[in-house]
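A.B. asks: Using the sequences provided together with the hints, build the complete structure.
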Amino acid sequence: MIPNELLLAAAVVVLYGAVLLWFRLFGETGLFAFTVFATIAANIEVLILVDAFGMEMTLGNILFATTFLVTDILSETHGKKSAQKAVHLGILTSALFILVSQSWLLYTPAASDWVSPAMRGVFANTPRMMLASLAVYAAAQVFDVWLYHKWWALTAAKSGDSRKFLWLRNNGSTLISQLLNAVLFTLFAFYGAYGFRTLLSIALSSYVIFIATSLLDTPAVYLARRIHERKTRKA
Numbered sequence: 314m315i316p317n318e319l320l321l322a323a324a325v326v327v328l329y330g331a332v333l334l335w336f337r338l339f340g341e342t343g344l345f346a347f348t349v350f351a352t353i354a355a356n357i358e359v360l361i362l363v364d365a366f367g368m369e370m371t372l373g374n375i376l377f378a379t380t381f382l383v384t385d386i387l388s389e390t391h392g393k394k395s396a397q398k399a400v401h402l403g404i405l406t407s408a409l410f411i412l413v414s415q416s417w418l419l420y421t422p423a424a425s426d427w428v429s430p431a432m433r434g435v436f437a438n439t440p441r442m443m444l445a446s447l448a449v450y451a452a453a454q455v456f457d458v459w460l461y462h463k464w465w466a467l468t469a470a471k472s473g474d475s476r477k478f479l480w481l482r483n484n485g486s487t488l489i490s491q492l493l494n495a496v497l498f499t500l501f502a503f504y505g506a507y508g509f510r511t512l513l514s515i516a517l518s519s520y521v522i523f524i525a526t527s528l529l530d531t532p533a534v535y536l537a538r539r540i541h542e543r544k545t546r547k548a
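Numbers 314 to 548, taken from this note's numbering, label the letters of the sequence shown in order.
If you are wondering where the hints come from, they were derived from the structure by calculation, not from laboratory data. Every value quoted in this text rests on a predicted model; they were computed, and no experiment measured them. Fair warning: there could be bad hints in the mix.
Said to hold, decoys possible - No farther apart than 30 Å at their CA atoms in a straight line, the calculated lysine-lysine pairs in the BS3-like style are these:
#, residue 1, residue 2
1, K393, K477
2, K547, K394
3, K398, K547
4, K471, K398
5, K394, K544
6, K463, K477
7, K398, K463
8, K463, K393
9, K544, K477
10, K394, K477
11, K394, K463
12, K398, K477
13, K393, K544
14, K398, K544
15, K471, K544
16, K471, K394
17, K547, K477
18, K544, K463
C.D. replies: Right, here's the structure in full:
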C-alpha cells in the first residue's frame, strides 16, 4: 500500500498544480469553478480520518487549503471583490450541497438498488460536520480575505510598492486564518464525539498540515501573479 504521507504530498502537488492550470486556462472564472469543486469534494473527504506523520487527521485539509490559495490569488490579481465572490460561491455551494445530499435520504430505494445503504452510511451522520464545515469555512475565508488586504495596505504603505511583500500578506493572512479554521472546525464537528486528547490531536494535526500547505502555496501565488501579468501584457 502507498503510505498516507506520500499520498498527502502528491495531493498537494496535484491540487496546487490544478489551481494554477485552471487559472492559466480560464482565468478568474477557472478559480471560481475550482472553488465549487473543492468545496463539494472537501465536504465529503473531511469525513475520513487517517493516520499520517504520527498524527490522526481528517482528510479534506488540503482541499480546504486550496480554497485559501484561490482567494489569495484572486486578491492579488483581481482584487478584494473577486476574492469575496469566490468565498460567497463556496458558502452557497456548501449550503446547497448539504440540502441536496440530505434530500437523497428521503427517497425510498427500489428493490434492486444497491447503493442506498452506502450513501446512508456516509450522509446520514454528516449534517453536523457539513454544517460545521460551512460555518467555519465562511468565518475563516471572510477573515482571510479581510486580513490579506489589511496586510497589503500595511506593507504597501511601509514600502511604497504594492508588489513587495507578497509572501508576507500571503502567509500572514493564511496562517492566522487556518489556525481559526482548525480550532473552530474541530470543536464544532467533533466536540462530544471524541475525548479532549483526540480533539487536541485533530486540531493540532490539521494545523500542522495547514502550516505546511500555507508555506507551500506561496510560490504558487507568485507564479499565478506572473501568469496574470503576462496575460495582461498580451491583451
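A.B. asks: Would you mind marking each hint as holding or not holding in the structure?
C.D. replies: A quick look at each hint next to the structure:
1. K393 / K477: Cα-Cα ~17 Å, so holds.
2. K547 / K394: holds, 24 Å
3. K398 / K547: holds, 26 Å
4. K471 / K398: holds, 29 Å
5. K394 / K544: holds, 20 Å
6. K463 / K477: holds, 14 Å
7. K398 / K463: holds, 18 Å
8. K463 / K393: holds, 11 Å
9. K544 / K477: holds, 20 Å
10. K394 / K477: holds, 21 Å
11. K394 / K463: holds, 14 Å
12. K398 / K477: At roughly 25 Å apart (the allowed maximum being 30 Å), K477 and K398 satisfy the hint.
13. K393 / K544: holds, 20 Å
14. K398 / K544: holds, 22 Å
15. K471 / K544: Distance of about 29 Å is within 30 Å: holds.
16. K471 / K394: Satisfied, since the Cα-Cα distance of roughly 24 Å is no more than 30 Å.
17. K547 / K477: Given that 30 Å is the threshold and the Cα spacing comes to 23 Å, the pair holds.
18. K544 / K463: The given pair, whose Cα atoms are some 27 Å apart, holds under the 30 Å limit.
The structure shown violates none of the earlier numbered hints.
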